[in-house]
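Colleague: Spelled out, the chains give:
Number of protein chains: 4
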Amino acid sequence: MPASPFDSAIYARLFGDAEIAQLFSDSAEIRAMLLVEGALAEAQGAAGLIPAESAAAIARAAREVQIDPAELAEATGTNGVPVPALVAAFRRAMEAPEHAQYIHWGATSQDVMDSALMLRLRRVIELMDARLESLLQRLGALAARHADLPMIARSYGQAATPTSFGATLAAWGWPLLRHRERLAELRPRLLNVSLGGASGTLSVMGSKGSEVRAGLAAALDLGDPGGNWHTQRDGVAEFAGWLTALTASLGKAGEDLILLTQTGIEEVRLGGAGGSSTMPQKQNPVGPSVLVALARTSVALNGAMQGAALHRQARDGAAWFGEWLVLGQLCLASGRALSAAGEIAGTLEPRAERMAAPLEGDGLFHAEALTFALAQQMPRPDAQAAVRDLCAEVRETGKPLPVLAATRWPELDIAELLALDAQMGDAPQEARRFAYAAGAG
Amino acid sequence: MPASPFDSAIYARLFGDAEIAQLFSDSAEIRAMLLVEGALAEAQGAAGLIPAESAAAIARAAREVQIDPAELAEATGTNGVPVPALVAAFRRAMEAPEHAQYIHWGATSQDVMDSALMLRLRRVIELMDARLESLLQRLGALAARHADLPMIARSYGQAATPTSFGATLAAWGWPLLRHRERLAELRPRLLNVSLGGASGTLSVMGSKGSEVRAGLAAALDLGDPGGNWHTQRDGVAEFAGWLTALTASLGKAGEDLILLTQTGIEEVRLGGAGGSSTMPQKQNPVGPSVLVALARTSVALNGAMQGAALHRQARDGAAWFGEWLVLGQLCLASGRALSAAGEIAGTLEPRAERMAAPLEGDGLFHAEALTFALAQQMPRPDAQAAVRDLCAEVRETGKPLPVLAATRWPELDIAELLALDAQMGDAPQEARRFAYAAGAG
Amino acid sequence: MPASPFDSAIYARLFGDAEIAQLFSDSAEIRAMLLVEGALAEAQGAAGLIPAESAAAIARAAREVQIDPAELAEATGTNGVPVPALVAAFRRAMEAPEHAQYIHWGATSQDVMDSALMLRLRRVIELMDARLESLLQRLGALAARHADLPMIARSYGQAATPTSFGATLAAWGWPLLRHRERLAELRPRLLNVSLGGASGTLSVMGSKGSEVRAGLAAALDLGDPGGNWHTQRDGVAEFAGWLTALTASLGKAGEDLILLTQTGIEEVRLGGAGGSSTMPQKQNPVGPSVLVALARTSVALNGAMQGAALHRQARDGAAWFGEWLVLGQLCLASGRALSAAGEIAGTLEPRAERMAAPLEGDGLFHAEALTFALAQQMPRPDAQAAVRDLCAEVRETGKPLPVLAATRWPELDIAELLALDAQMGDAPQEARRFAYAAGAG
Amino acid sequence: MPASPFDSAIYARLFGDAEIAQLFSDSAEIRAMLLVEGALAEAQGAAGLIPAESAAAIARAAREVQIDPAELAEATGTNGVPVPALVAAFRRAMEAPEHAQYIHWGATSQDVMDSALMLRLRRVIELMDARLESLLQRLGALAARHADLPMIARSYGQAATPTSFGATLAAWGWPLLRHRERLAELRPRLLNVSLGGASGTLSVMGSKGSEVRAGLAAALDLGDPGGNWHTQRDGVAEFAGWLTALTASLGKAGEDLILLTQTGIEEVRLGGAGGSSTMPQKQNPVGPSVLVALARTSVALNGAMQGAALHRQARDGAAWFGEWLVLGQLCLASGRALSAAGEIAGTLEPRAERMAAPLEGDGLFHAEALTFALAQQMPRPDAQAAVRDLCAEVRETGKPLPVLAATRWPELDIAELLALDAQMGDAPQEARRFAYAAGAG
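Chains as they are written, first to last, in my numbering: chain F, 1 to 441; chain D, 1001 to 1441; chain H, 2001 to 2441; chain U, 3001 to 3441.
If you're looking for bench data, these hints aren't it; they were derived computationally from the structure.
Do not rely on the hints blindly, as some may be mistaken.
Derived coverage of chain F by chain H (criterion: at least 3 residues anywhere in the stretch with Cβ under 8 Å from a Cβ of chain H; other residues may be distant) [what the hints assert, rightly or not]:
hint	stretch
1	146 to 157
2	260 to 269
3	283 to 289
4	366 to 376
5	386 to 393
These numbers come from a predicted model, not from an experiment.
Even for Gly, the Cβ is constructed at its ideal location relative to N, Cα and C.
Let the sequences and hints guide you as you build the complete structure.
Modeller: Written out as structure tokens, the structure reads:
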């Protein structure tokens, strides 16, 4: 158990997400902050706020200088933010003090850090959305393929009535489709530059503030929020909430798979089942367990992010630092959950013969269908009571419900009344609707 | 400390929200469930699934029967859900078994409970949205009125640079505007009927399932989700997240107000300050404290709601019961936070003379402006170093920064360079933009 | 779904806990606060701080006056705390101003409210501890009775190796025994009077402060903390953590029972299984689902309590109000979890014939035992590989592992090597150790 | 913002805790697991369960072999746990298959991982306890030194009545003393070896199970739990709760310091105040902000740990993986909070002249003392009303309360009645009691 299994070599294949992780590395953070400083200088040069020549020099240098993360540690420990040290290091590295003095002109640390964060969250969102799309296609294809494959639905762990495997997959998939919709909605609320200066008023930039902010946004390909959002953390909190909700939706699939792969149930086969250190027979649902663990962890982390929206006054170090401590983890957890779900969806196979088993046997799951069949000829409360009695008889005698029913009501065509197809109801269509919506129809 | 201060007579004016509370009372729940059963019968009558006469009788009775909540307790304790007992009581109360047998035809408890919940959440949303609109207008009007009123911005609790009181209000208000936007987006994802039958397949309704669901939706003026969402809890989880985010945004205002009303700061006057049992001088910021307490509580409750999205299989009693235990509380907390914020916004007054105080005195907050003024004539690092030295001198000598600066650089027009108006930068416009967006411009 | 199902008539038998609830009612809170005021006056009279006659009059009246909760609402809404209104109402009710003026002498609201809370938490603790003891005896008796009843242990939902039902019960019970131990440890840290006066210094009481606090503690049969703990919330936070941990431990039993009662597993029979509104055959594990729901809710509520320990300065309304909003709920959730667990333990029955089923069949669970048996005669890695191959053969052919093993190694006495008794290992003793420790041995 | 600022080079001095971090590195985990395997072999050799020569060879090799973390990644990704790969790598590395076959004899992955965790948590506890002791001595020395230094106590941010700086420090320190007490109590419940084998029954070890477990415990200098605790997570959950409570207590001090260092308050001077990237005058309370951020983060992480106690059946991958994802982070957060608090306590200085300021001025804080002084001569309600009127007059006229009081009641010796010493009440003694208890008296 390393400090964070997200960063561990041992657990790299279990919890690691290399693509997301590289966005949150020290060097990626420095790179992103330098990009912001460079784009800021360019925007300020264009606005005539700083000399054009200096702007160009800064922008060029921002793409070239190398700054060692460790070099920033001491001052970051004192200042709480790495930007003062970064700006100082950047200035030194430029070796052109006449230009370097214009670095970070009128900006504050939070402008740089939040804008740099948005550059990386944009990429996180692209990765997530692409993974979601791919996962949805796999799920959609599976749902289409198994739209008519009957299985028992279970409520409270009890056999309820028949559904189809495709419909089960659809229930995992619909929330994901909606999460893509939500992501498209929140994107423009989130991916904005931050530029407010010391207290959010851009006072140092005089009348040029709005122009510079617009220019910065254009240069970084982020939105222009039209104002200052230093203390308005609803955007990042919304994204944290989205990551959490996504991971929870994947966790639901994980929970179902843990239950479906149970010994004695085994209705689903996973590609990469885990072995035990001492039990040769074990085929543990490791991937689904990872989904659930990541979901529970995300729910917890999200609490810290939502609480950080109680950001005091014009800057609240305590609240802001709190975001740093969890947002990256949330991205990693969700990213890994998506990739793990993709791996699972890529190997998942229903076992039709195992799904058939609970649809045979005592046939108690026919109870509702039988009730409604009987209710065509007797008052429904009488039908319910009669079926309830019959269920008790099934439990005592071990004889299947359809058999007992046929004996009791020889005048009925029990086989037809209890035909599986009819009892699956809308399930096959549900599966196909999802497959279509997921682009896999 | 009663079980829930939301329900307490003692704390009714502190934490109570009578409008929201009545939506979650036992009788409101029974009423809503009966409405759903009535509308279901009507839709099934129209679809020819049950006799038209029975449908009409059920629909009529659903509006009229009185069912005592306590009558449902025993069976609810056994079944986990109140619907079996409710249906039985409804049937008995109708005293027309030939019609009553068609109550709850092919539906399951979750259909009725979730649809009934949506009827009440629709009203919660209307109330919340109206309160939000009203609060925004108050905040907008205040922001417009005080757009140019200077005050010090504080970061990490330290005097930073000047802003305006209007801009401070805008920072509270923008997230609320976005919360209205989010609410409009989530509404159609949330406010849908639930109708799936035992396992979500509507099997008992044969080919009429979709028609009945559409009819039920029309009758209840809710959306038709086009499928079953028993286990897809992303909608209710999203709403819980929204309630939490809203309450957190109000909590930020609460935190700021607690700080602004501190003895020695006192830049804001509240209408209803609280007295102490022993200290006659006390004027405690009770309302703002309530906002913060509700926000922290909501953040905690939200964790349970997000976790409940890990809903196992076709129905997960543990996860679903968990929603019941917290969603009502979340609505009450957010509702009360909105009403408390409205009360505060209705009496809140800035104290211009107190806001002026920190803008006089040692004048250290001019440091950034002075630096950039000097940077017109010397390299900025030199300017920063010079100002930092001067700040130290201010701390030693107690002489104001502008005075020391005028002595040190007699050639500069310090008064003009450090004029408050310029230092407020974009703050007045920020306030006016918000006022306009809030409909109070 | 009422505001709080803890208070609902409909859900009274599902989530209600009447014994705990009455401790948190409005009238119980008023009664407790009056008791504190009365005991304070007595202690102050004894110390000569207020006239003995007045002290006696106040103490007598404190037991007799009736104060209507609703009467306190208005002022509580303004002051945040009910004590100013309570003291005023108490004074009026005494109709003896010459004595009544000595009510609440030198105390502050928090003294009264926290001390009154402790009076009620003392009773909560007594109830909880008694319920725990009773639950442990039931579990212990069950564990003793079924110490040797074989069942399969499941890890990751997969059949692992045999254990006994008694050992399974012991795994539920040991943490409860430790929770009683923890409760005994935390009790003296928690159940103390609070008496600090306005800012915790007891300044108004001059040199008599310590004496009065000791006297108050003695009168109320609470501990004397020896100082002021207004802002030191570690005691209440510890208790909240304890309630949460207790409920989580019961939730683990709930999870296991949900899994053990699954259709197709059915190794346990519950007394009060829940029926469906549409499926006559259902026997839902309602009680276990309640345990899990209460556990997840408690975990969430606990977050708010732990965060409230960040209590700012000498009194932090936001943090303190936050405690009020959740501590009662936590007590109710834990109390109900304990009573529900008691109900379950009182009716729970293992089904030996169902437990036997997975110990027959394909016999894959013998794989570890077979490996170690073989490892007596061949290197263990070879044994593991051989058994793993055999497991694959079991899966292909459907022939039981012991049969295949007997064929492959005819020289071995497979039946003896794979005897169930040996494979249960320490499980029976584990069950008996627990039974003994639980006082049921 | 790296994935985890705990691991970042940039943030190493802000959030890093090198001593704790090295306990949770990949190599430390491997080392600890090898130690467990080695000690297990020794214990099994001593019990005659495996050949003594093999036991000795394994134990020796366990101290010597080098296993590359990356080598375990692939199999860990499949199996969920690193132990199968670790055992295989260890066997290969020994190059003595005749001995190596006895590695991990009858143990399961969880035995090794949980025991290895305990080895590291023991060291975490030692570090924490030593840091706590050192912090308490610093706080105690400060409290003793400043026991009589008057300052205003603030409740709801409002000036209340006088206290002393020493008493303020004592309020931070007492919970820490109790946390040491709690740590001593939980230690024996936590620091135990885990040895249960596949399903916790130690079946493979036959009658030698208890002996081996006791031997393992002795060899590792951990406790012998006397049974299996695979699924009983109350011990690790309790420790997580303790870490959280500790960090929250430190967070309270952080909150107070943020408030005490505010511009305009400035009653405390911190050693390492943080600079801004644009405001030369800033002295941000970075350390206190870190304390609060770590506390809020810990509260969130703790939720995941408490929830993980709902560990299903004999092993629950989802719940157990969840612990891995957060327990290390919690240790790091608490460890860093303690070291940050130590740094703060080492440089913290009160500013007596600033503390004096609010004790002069309008003197409204005298209101309670004046009330009780007057109550010696008039009924207390009259005294309260009179003082309340006078407070209003203070606010209108700006004249200090003592001045107005002296005018109004010329017969009283206002100066003596309102002497600061008396109003500090028990505060100096409180400070000294704490200093003594903290070993610094």
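Colleague: When the hints from earlier in the document are held up against this structure, which numbers fail?
Modeller: As far as the earlier hints go, not one is violated by this structure.
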